[in-house]
Structure formats: C-alpha cells, structure tokens
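**Q** Residue numbers (the working numbering), protein chains in the order written: chain A, 1275 to 1681; chain B, -2 to 380.
Think of the hints as simulated: they come from the structure by calculation, not from any bench. Note that the coordinates shown come from a computational prediction; the quantities given were computed from them, not determined experimentally. From the three backbone atoms N, C-alpha and C, an ideal C-beta is built for every residue, glycine too. One or more of the hints may lead you astray.
Taking CB as the label site, the calculated pair distances span [unchecked claim]:
(1) B:Leu147 with A:Glu1648: 40 to 48 angstroms
(2) A:Glu1374 with B:Leu230: 22 to 30 angstroms
(3) A:Glu1648 with B:Pro44: 51 to 59 angstroms
(4) A:Gln1672 with B:Thr131: 36 to 44 angstroms
(5) A:Glu1648 with B:Thr188: 36 to 44 angstroms
Straight-line Cα separation of at most 25 angstroms, BS3-like style, residue types lysine-lysine; simulated pairs [to be verified]:
(6) A:Lys1650 with A:Lys1575
(7) B:Lys29 with A:Lys1287
(8) A:Lys1287 with A:Lys1473
(9) A:Lys1650 with B:Lys106
(10) B:Lys29 with A:Lys1650
(11) B:Lys129 with B:Lys258
Examples of chain B residues lying across from chain A (beta carbon under 10 angstroms, computed) [to be verified]:
(12) Ile33
(13) Gly38
(14) Ser67
(15) Pro221
(16) Gly222
(17) Leu230
(18) Arg233
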Amino acid sequence: MATVQSGLYQEAKEELISGSEAVGIACALADVDVITAYPIRPYDTVMQYVSRLKADGAFDCDFIVAESEHSQFEIVKHASAVGARTFSGSSGVGWFYAFEAITVTAGLRMPVVAMVGNRALDDPGAFGVEHNDAMAVRDLGWHLYWVATAQEALDMALMAWRVAEDPRVLLPFALSCDGSFLTHSQAIVQVPSQDQVKKFLPPYTRGELQLHPNNPITIAPQVNEDWLMEIRRQTDEAMRRTSAVIIEAYDEFKEIFGRGDPSPFIEEYMCEDAEIILVGMGTLAMPTRVAVRRMREAGKKVGFLRIKFFRPFATEEIQNALRGAKGVAVIDRDYSYGSPQYGGVLFHELRSALYPLEERPLMLNFIAGLGGREVKVTDVNDMVDTTQKAIDTGKIEQTTTWVSVRE
Amino acid sequence: MATRAVEVVYRGIFQRTLARNIVRNIVFAARKDGKIGTAFGRYSDSPERNGIPAKQFAIVADTALELEESLAVYEATAVDVTINVDDTLCKGLESWAWYGLQPINELTKPGGTLIVTSRQDADSLIEDIHQKDTAYDLAIIPSTVSFSGLWVYKDDHTDMRVLGALCKVCPELVSLEAMLETIQEQTGSDTKVASLQRAHDRTATRPVEPGEGNSETPFSFDMPGWKTMEEGLVIRAIGEGGGFRGGETGYTPTRNETFKKWSTRSMRPVINFDTCIKCTLCWLQCPDTCFDVTPDGLYDANMEACCGCGVCESVCPVPDCVTMVGEPEFNDNNSQWDAWTADKDGYKKWMTVLVEKQKSETRTHGFHHVGGYAEEINTTEEA
Chain A
1275 MATVQSGLYQ EAKEELISGS EAVGIACALA DVDVITAYPI RPYDTVMQYV
1325 SRLKADGAFD CDFIVAESEH SQFEIVKHAS AVGARTFSGS SGVGWFYAFE
1375 AITVTAGLRM PVVAMVGNRA LDDPGAFGVE HNDAMAVRDL GWHLYWVATA
1425 QEALDMALMA WRVAEDPRVL LPFALSCDGS FLTHSQAIVQ VPSQDQVKKF
1475 LPPYTRGELQ LHPNNPITIA PQVNEDWLME IRRQTDEAMR RTSAVIIEAY
1525 DEFKEIFGRG DPSPFIEEYM CEDAEIILVG MGTLAMPTRV AVRRMREAGK
1575 KVGFLRIKFF RPFATEEIQN ALRGAKGVAV IDRDYSYGSP QYGGVLFHEL
1625 RSALYPLEER PLMLNFIAGL GGREVKVTDV NDMVDTTQKA IDTGKIEQTT
1675 TWVSVRE
Chain B
-2 MATRAVEVVY RGIFQRTLAR NIVRNIVFAA RKDGKIGTAF GRYSDSPERN
48 GIPAKQFAIV ADTALELEES LAVYEATAVD VTINVDDTLC KGLESWAWYG
98 LQPINELTKP GGTLIVTSRQ DADSLIEDIH QKDTAYDLAI IPSTVSFSGL
148 WVYKDDHTDM RVLGALCKVC PELVSLEAML ETIQEQTGSD TKVASLQRAH
198 DRTATRPVEP GEGNSETPFS FDMPGWKTME EGLVIRAIGE GGGFRGGETG
248 YTPTRNETFK KWSTRSMRPV INFDTCIKCT LCWLQCPDTC FDVTPDGLYD
298 ANMEACCGCG VCESVCPVPD CVTMVGEPEF NDNNSQWDAW TADKDGYKKW
348 MTVLVEKQKS ETRTHGFHHV GGYAEEINTT EEA
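Here chain B stands alone, though its shape is the one from the complex (with noise of 0.2 angstroms):
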C-alpha cells in the first residue's frame, strides 16, 4: 500500500515533449506492474512560456482508491524523485504566475533522489541547489541540456536515460522490466531500449548530506489578504528609479523585490565594457529594463533582472561586445561592472575565457526559426 509521486522540473515549451514522454512513460509502465496512475502539468505553468521553468508530475499507486489523494491537486507536496532536465534549474525556479524562487529539491522527499541532466560533477550541481535538513541522493545523468521548440522535438533519447535511470533509483515506483517492455510498445525501437537499459546500468547516486549546498534564503513573497488588500484590483506602480545604486549619476530603475524571473535564464549577457560605444540600444531594447546605467555611462546587466532572453546580444553593434554565455558557467548573479571596475585585466582574462568556450558549447535558446533544429543537426554531424 503506497503512493508515489515523481515530478520533472523543465524549461516551459523548449521541454515540454520531454517532460510529457518521461510522465506519460511512468504511468504506462506502471500500469504494467499492476499499479494505476495519473499524470499532469502543473496548471499555473500553462499556456506554458519560452524557457520559463515549468513541472509534470507522475504518481502512482497500488490501488485507485488511495490515488484519489493525488487527484485534484496542482502540485504535489512531496515527490519520491526529483527530475531536472535542465541543470540551471538547479539555482531554483520561479513559474511565471507564482512568487517566490522554490529550490529544485524542495519537494524532494528525506531520502528521496534527485535526477540531473548535467554535464557538470556533483559538488558543482550540489554548489547551486539550495541546502535541505534532510538528505537525499543525487544522480547525474551525464548529458548535453535537450531543448527544442513547441512542434519539434529532439528525440535524443533523454526521455530513455531518464526513465532508465529513474528504473534503478526507485524501483519500487516502476520496475526496469515494465519500463523496458512498454517503451518497446510505444516506440517499437531497440535502440530507445538500450539507452533506457545503458542509463539504468550506469547510473550511481551521491548522498547530499543535510545542510550541504547552497545557504542562500530563497526569495519569497507574503500574499495579502482580503482586508489589506487594495480594493477594486488596483495595483500601485513601481516608483519611477533614480541614480545608479541610490547615487547622484546614471540610473537604476526600481524593481519589483519579489517577481524577478531571473530563474527563467539558462543563458547571461556577458559584457566586454571595454569594447562598449555607449550606443544604448541593449539599454533600450531589453524587455525587461534589466540594464543599470553606470556613472561612467556603461551598461551593467543586473542578473536579478535578466531573463536572458539575449535581445542585447543581438541588437548591439560591436562583434562580441556582448555575447550569451551558457549559465552554468556562474555561482551567483553580482554586477559584472564592480568585477570591471576592481580588476580591468583580470576581467578580460575571465571574459576571454568564457566567450571562446561559449562558442564550442551547444547550449542555446531553443530555435529561433525554422528549420533550426537540421542547421543544429547538421552542425554537429560535420563537427
């Protein structure tokens, strides 16, 4: 007699045909043990945004008289296993009609596992993702972030190592075997088979102690209630910004504290100031007004702000004044411009460094056109 859960954190549209095939997989196989289930997106996630973190959940129980809890619900409280396809998301997420940035493990059962695709090592993952006071295990499946858009999908096989690895660190919600014969029933495809039984016979898991990771206070929101909130759905706007960081020159605007979206980013501007001809475009292009202006009249990218959606990249006229680099390359969102100011040479060095590895790396945003995914296809076979 037992229920449980499994959710897979995701970036919204780019994932979406991801997350789906991993839920929907669980439940059918399942199925197969004998156990029943649902499977579900969580409803505030939808209509889902570009890259802006989202959840699906499966559960399974043995019978559907104890699945009835499940039901009716829009997240689970706690889940046995944690699924991040994205490992930026590792830094925490924040949907796009909730407040407040919720850790990656925070449903993550006591001695529940946590199931990354990475390319990154433990303590490095673990560096990230918010500290919890009990332990849990981490896995990674060693893999390249599988993005595509709303009408394609990148059958790179991530669905198959996921529920593979998934298999073997919670056999108890779904067996290898129900797993194997069902994707064979759906996708009538040996090779899927193997990589679900290869990423089953591979993977390890790595205990996160309590307290280990990252000591940050996610940020939250109190929502009002009905006596204090404003009457007739008025909302008060922001005040209009002032001298940049309260000063008498440039400019920050005011923000709101507890809406940031920055967990929407898997990429970030970084910006050569050296190379900067105070154009400001990217200052007045960005959807987001996430650009300080400097006393010196340079443009600082505030990452609390950035949802790294890369229009700066593109609008700005100098050859990589600002170029989009992948997020795991980052441990916290401080001001580009203060590492500038500190240390000319030494931010060069590390500006260098990033945008030249950025170039061989194949993160991106998704596709930006048609026809994207053959242009990425192609690159990577030639390569």
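Just chain A, with the same shape it has in the complex (with noise of 0.2 angstroms):
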C-alpha cells in the first residue's frame, strides 16, 4: 500500500504536541493507508494534523473528508476488509451519528482504530469532556482504553494497530482522549524513530479474509436466527484472546521504546497497603494522583487506581489491586441513568468485577467532571473524606455523590 515519503521522523525526537497530534503522528509513523475524517470538536484538532502531515510529505494515505460521520466510518469499514490500515475517529453526538457503521465494523473483524476525542452529549452542545460518547461501545467488541496524556496517546495508537490487526484478535479499537485536557493541551512527547515503529508494527493482512479479486468472498451476508448466537460467540472469543495479546505486544512495546507501566490494562498509583483507593480514567489521574501524593505526605493510606483498558476488562488484575482497602471510592466522568445505583458506568463494573471477593470493600461513587468541569484536588480529598466516614462508621450514608454541581 502507501509508502513512506520523506520520513520526517527518521530519527527519534522530543516534540511539543497536544495529544491529538500525537495520534496524528503515530498515523504517519503506522503508514496508515486510509484516514476518514468529518469535523467535530474535540476530535477534529487531529484531522487538523493529520492532513498537515500528509501535505508536508511525512507519509502518504488517502485522506477521505467524508460528509457525515456515518460514512466516515464506513469508508474505514470497507478499507478495511481490503486490507488498508485505517484510522478515524469523532466526538460525542458525531460519534453517535455513525453508531450503524460502527457496531457493524466489530462484527465483520474490521480492525479500524478510531480516536474518541471524549465530548458531552448534546444538548447542550458543550464542548468539554464526557465519557458517555466512547463508553456507548463497551457491549460492541470494540477494544476501548482511556488515555491520559500526550505521550500515551501516541503509545497507545501504535499499539491499537498491533493489536487490533492481530489475525488472532481482529477487533476494532476506540482511542479515548478526554476532550481539552489531552486534545488541545500540549505536552513534550517522546516521538519514536520510523524504524522503531517498523520494528514494532508489522504489516496488516487479513490473509484468507481479505476481500480482493484474487480471493473471492462475499462478506457480511443477511442471516436469521439460526446463525446469529454463533457469530456473536466468535467475536466474543476473539475478545477473549485479545489479552494475552496485549500483554505480548506491551512486552515488546516496552522493550523496542524504553517506555511503559508494569500493566497495560491498569496504572497502580501507591496502592500498596492503601486502605482507601479512588479509582478513575483518563485525565482525571492528573489532580488525583496529585491529592493523593499530598494525602500520603500527610500519613493518610490511599492510593488511585487507573482503568486504561475498559474493554477487555482487567478483572482479576482489578481485583488484586483493590482487595485489600477497606473503601473504593469510583469517580465516573460519565452517568448512567437509572441504574441500580444511580451511578456511573465504571462504578457498575467495578462492583460486579469485585462481588466473587470475599471481603469486598465499601464502594462509594463519585459522578465528577461532567461536561468537561474541572476536577479539583480538593474535589479529591472530599471524596476521601467521605469515603473514610464510611469506613469509620460502616455504614454507607450516600452510595453516589455529584461532586461540585450547584443546587
């Protein structure tokens, strides 16, 4: 397919970029072959770099401006059956848009990678971060991980495509970014050389499935009820591989770049003999982890749990990281309504991920940032505060809190 043109990144090198940049240059260094692209804050700040690095020679794709989100994703779609490394991506209600082509894309074992640029729902057509919009395709088989800053974000893209395209997995991956804070916020990011990338990221083949003259196939044929549980049970095995798949290229990931946490699936931040531990995703890390390393200094035993990948779900890692507090405090940047708590979507998981303990911890939920509102770090330390009442009288006075929102 596409070929490497001038190679602006023939050497490795520190950059100031935001986060969709970063994505953008991970495009470049992955060669990917068919970029899709309608506007859309937040996620547009990538289709921004992406066509600059195209017109500035860095790599060569076709670059596709479709005119809905809807197409943009079933252009990839079909890109991809024919074996093209694709990207794409949206935000929010944009996202929503193309729900057809997106639920569709996990089912036929289309490796897109998309990058969420995590935005509120509409209405009111606030801009800022939500986490509802890439958390609609958690029940899809779609691979789903939240990244936390820039240099993350062009990790995690690179390694989006080693997985997905994995002839073991196949599955599609959806790159969330929270909006603003790791978007339109620029960082210093170690960007990789094209060799190292080479090294990492084979070639995508879709061998006996790729649809081509040469190997006639027809995909996606109309089945009834008698084929349906079937074809859902692959995808749910293939989901089931993609760990140890991630766990592999995660290995080899840090051994090619120098750079990784001990897990790709969660980030233990001081967890060690915690009695409270505060679980999160994304940006959210940023003021907590910066409370809790105050709380420490102050004697106070807690420690924050990162989610990265929301799907596949870490269950028995996120078990061991959390079975010996005495309270889980969850703060979800999104919100379920009508849910048996009358929570967020993390906290569910997260109780049922901990039922089969035998002691489980308190659980409390804290419903934080909604809308992109600033999480602060005394926003953190009340929600400590609370959770260790709980502890202190064992007894839960409020499941779930909405932290700073006015009456």
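Join the two chains into one complex using the hints; note that each chain is given alone, in its own frame.
**A** Right, here's the structure in full:
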C-alpha cells in the first residue's frame, strides 16, 4: 500500500505537541493507508494534524473528508476489508451518528482504529469532556482504552494497530482522549523513529479474510436467528483472546521503545497498603495523583487505580489491586440514568468485578467533571473524607455523590 | 522546587499565532534550562471568534511530578506574569463562552508582572486596569498592536519583544540565555535574536500599588443551580424594550445585563449627530442591536452593547458620520448623544480631533480581505 515519502521521523525526537497531534504523528509513523474525517470538536484537531502531515510529505494515505460521520466509519470499515490500515474518529454526538457503521465493524472483524475525542453528548452542545460517548461501544466488541497523557496517546495508538490487526484478534480499537485536557494541551512527547515503529508494527494482512479479486468472498450476507448466536460467540472468543495479545504486544513495546507501565491494563499509583483507593479513567489521573501524593505525605494511606483498558476489562488484575482496600471511591466522568445505584458506568462494572471477593471493600461512587468541569485536588480530598467516614461508621449514607454540582 | 505560570491575553484569531509563538517558545526555552512545561489555550475560547478575548498559558515546573498539578485544567488559578498583547484589553475581558468581566490582572500573583504592548503610558493604562489589593509590576513594550488573520501572520517581532521582556521580569521562569538559544534554533534569524535581546535590555517595570487603578466593580453573573434552573433547557426571552431610557418616545431595546460583549471591541463608532440624515441603516444593520433611538430620532450607539464590528461605519451613507476610533482613546462607556446634547460645540471639537487622529492610526480590525496585509505593508513603507 502507501509508502513513506520523506520520513519526517527518521530519528527519534522530542516534540511539544497535543494529544491529538500525537495521534496524528502515530498515523504517519504507522503509515496508515486510509484515514476518514468529518469535523467535530475536539476530535477535529487530529484531522488538521493528519492533513498537515500528509501535505508536508511525512506519509502518504488516502485522506477522505466524508460528508458525515456515518460515511466516515463506513469507508474505513470497507477499506479495512480490502487490507488497508485505517484510522478514523469523532466526538460526542458525531460518534453516535456513526453508530450503525460502528456496530457492524466489530462483528465483521475489521481492525479499525478510532480516536474518540471525549465530549459531552448534546444538548446543550458543550465541548467539554464526558465519557458517555466512547462508553457506548462497550458492549459491541470494540477495544476501549482511556488515555491520560499525550505520550500515552501516541504510544497506545501504535499499540492499537498492533493489537487490533493481530490475526488472533481482528477487532476494532477505540482510543478515548479527554477533550481539551488531552486533545488541546501541548506537552513534551518522545516521538520514536520510523525504524523503531517498523520493528514493532508488522504490516496488516487479513489473509483468507481479505476482500480481493484473487480471493473471491462475500462479507456480511443476511442471516437470521439460526446463525446469530454463533457469530456473537466468535466475536466473544476474539475479545477473550485479545488480553494475551495485549500483554505480548506491550512487553515488546516496552522493549523497543523503552517506556511503559508494569501492566497494560491498569496503573496502580501508591495502591500498595492503601486503605482507600480512588479509581478513575483518563486525565482525572492528574488531580487525583496530586491529591494522593499530598495525602500520603500527611500519612494517609490512599492510592489511585487508573483503569486504562475498559474493554477488555482486566477483572483479575483489578480484583488484586483493590482486594486489600477498606474503601473504594470510584470517580465516574459519565453517568447512567436509572442504573442499579443511580451511578456511573465504571462504578457498576467495578462492583460487579469485586462481587466474587470474600471480603469486599465499601464502594462509593462520585460523579465528577461532567461536561468538562474541572476536577480539583480539593474535590478528591473530599471524596477520600467521605469514604473514610463510611469506613469509620461501617455505613454508607449515600452511595452516589455528585461532586461540585450547584444546588 | 517551583511551578511558574504565564498567561497571554489576546484577541481571538487576530493574535492567535502570536500567542502560540509566545507560549511555545517559553516551554522550549525552559526545557533548555532543564525544566519541563506545558502550553495550552483556554478551551472555552476555542473555536476562536474574531477579536473576542482569548487566553493561552505556558506552565513550567522543575519536575514532571510538580507539573502534574497544572495539567487537566482550563485556566491557571494564578500566574507569575500576565502578558497582554492588546492594550484595549486592559479594560477587562469577557469570553464568548463565559460570563462576567475578568480584570486583566485578575490572575496576576502578588508581586507578579503585567506586560502590555502599548503606545500609551503607564498612567493612562492604569486608569483602565482594575484595582487589586496586592501590588504588582507593570512593564510596557512600546508597540502598535499586532493584528493579523487566521491564515496569515504579521511577523513584526512582537513575539520576540514580549519574550525578551519576559526574561527580564521573570528570569526564574526562563533564562535569557536559554531563550536566545531557542529563538536562534527555532527561527535561524539573527534579527529576531537581536529584537529579543534589545527588548530584554530596554524593559523597565513600574510598581502598581494596591488600590491603584480603575475602581469599577466588574460585572458578574451568578450561575443557577440544578434546582433553580428551568427544566428542559428552556431560556425565557428577554423583554421587548420600550421608550428611550424608559421615556415615552424613542426606543431602547432590552439587553442582557450579564452578557455584554463590549470587551470584544478594540474600536468604537464615533457619531457625528450634526450630519446624521436619520436613514436608520446603522440601527437596522447593527448585529448587536446596540443603537438606541433617541427622542429626536437620532441613533446613539450604546457602548455597553457595542462589540466594535464596524458595520455601522460601512453602511452609513454620509461621509465621516460614523467613524471607528481606537478604543485606547476612551475611558468610559458613556453616551455620545448625552455629550452632544449637553455641549454641541464641545462635542464637535472632541469628535474632530478623534476622527483626524484616527486617519493617521494603524489600528485595524485585522484584514478584511485577501491581500490586506500586503496593502498595509505598502502603506507603511510609503509613509
């Protein structure tokens, strides 16, 4: 397919870039073949960077500005079927508009990689981050990963193609990047060299599944109830296989690029011996880690667990990280109306994951930062105080708390 | 162990690239000093609108761990240096997405510095700047405002001069040596390096005492809570308006008391009431309904509502009846019609001076058309 023209990134170098720019550079480094775009904030920044990189000759690709998000995702799905490495993305209601195409992408086993620039769903058309948009693919067979830094955005984009395109997996990958804090803030990022990336990321080959005149096949014929459960079970099996592939790829990633956390699925921050563990995703990590550090300095045993992969959900690792805690405070930047505890999606998933434990910690849910409202260090302190109170009294007065909402 | 922050306050679109150059070079230079930094724009200002006040930030820390507290925020809570690249913003700024007027020095820390590019002197600027109860320093870079468009950049070294001044007033943030090296590397231009060095050497500060400055209370807005807000995202219409200032004749529309937008203005219309033919065009075409109809059938531009777009000037069929004049000439939002009614001769003298002065001023609303920059350069060179 496409070939690298000039190689702006022959050498590894340090750049001052936003998370969106980092994902754009990852597209160039991965030599993506087909990229589709349709503007919506905050995702649109990535299309600006990709088109600039293409115009500057950093790489070659078919860059298609579609007439809607729906077409955007239809195009990459089809391109993926013929063996093209693909990238697309959207935000908020734009992502929802593409949902017909998004749902079939996983079932057809197309390893499309998409960036979701997290944005509150409309109305009222706010631009700020909320996780409900990306969360909507959690039941569809997509990988779903929450990024915390621009560096991680670049690194995990590379991981995304590697894992999604693995013949054992062939499932799409959604890279969730918090609107503004990631998509629009510039940080120092180590950009790897083209050679390093080449070593890590093999070409995408669909083998017998590739739609090609030399390989006459039909994809997605109409089927009814006598076929469907088997198809679902296949997708399920691929998702079950992906965890091992992720671990394998991440180990190799760390070896080639020389960075990475102990686990690809979660980040444990001062969790060892912690009595209270806060749990959250994405850039919530920044104020939370600062708060945890300060509380530790003051002698309080607190920790922070960042969930990186929401799908696949690393149940066992998460159980092990939380099993010793007396209280778990889950921060959700999303909400599920009418849910069992009138709480967030992450909270309910965690409650479910911890149910088999013999000694379960007390679990509280904090709804915070919806629509991009800043989560402050003081907010995190309050969450810990509330959780401590529940531990001391042995009683949860209120399971779900809305943080800094005006009454 | 320290974290230091700088904000650049600028006019959306017209000065976007200028602000970006400033904050990015701060982070690059700090890197050379062995520090780590981040640069970001206030998200709610984006997508930027022409001329509407916007902010970008550079935050620098000794370690990545310290920097973390300044990540995942929209706006720093306090800054060591505020850089204002359009002196008309000294009157305060209202974002298009936020409510209330923010004084230019609101985030400036006690003992911090406010750097302004301006042709005005310190006393004249301080008259506009809201008082603070802590002392800070003011540094002026003598300069005409640097405006350009979204796709063009007026490379007039304003960024270099600002960075030079910054290294002088806050060497703890970034050293002059690191900045000189950065600019040499980034631009390869000896003249830019010279501009930087010269601005550094010439910059002097003037202390501003607590309580010195504009005593006006900036307008603000109390956000409703979920229990007090109307359900279903419903907003009630504002009332219809009525006679001029509540009287029987003329007309004053009802206006939003808490979203005024006048800080978008870098120029304002000055009306010659003597030559007005009452054709109604300014009143009809104004996109902000800023004209009040006076009892004598004239049109008085309300300066609490005018955002300075200049449509009235361009639609007015009478030569020099409406003239856009640079905002630094004004210290209040008072009615021109009141001034004219009180003293017609005095008003005429005041107006004539302003209009004549405007003809020799270079402040513009940016570039109205392709090629505007080239035209401006040619005019400057001829002059």
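**Q** Now tell me, hint by hint, if it's right for this structure.
**A** How the hints compare with the structure:
no. : hint                                        : verdict
1   : B:Leu147 with A:Glu1648: 40 to 48 angstroms : violated (28 angstroms)
2   : A:Glu1374 with B:Leu230: 22 to 30 angstroms : holds (27 angstroms)
3   : A:Glu1648 with B:Pro44: 51 to 59 angstroms  : violated (20 angstroms)
4   : A:Gln1672 with B:Thr131: 36 to 44 angstroms : holds (40 angstroms)
5   : A:Glu1648 with B:Thr188: 36 to 44 angstroms : holds (42 angstroms)
6   : A:Lys1650 with A:Lys1575                    : holds (20 angstroms)
7   : B:Lys29 with A:Lys1287                      : holds (15 angstroms)
8   : A:Lys1287 with A:Lys1473                    : holds (17 angstroms)
9   : A:Lys1650 with B:Lys106                     : holds (20 angstroms)
10  : B:Lys29 with A:Lys1650                      : violated (30 angstroms)
11  : B:Lys129 with B:Lys258                      : holds (23 angstroms)
12  : Ile33                                       : holds (6 angstroms)
13  : Gly38                                       : holds (6 angstroms)
14  : Ser67                                       : holds (8 angstroms)
15  : Pro221                                      : holds (7 angstroms)
16  : Gly222                                      : holds (4 angstroms)
17  : Leu230                                      : holds (6 angstroms)
18  : Arg233                                      : violated (16 angstroms)
Going through the hint list in order, the structure does not satisfy hints 1, 3, 10 and 18.
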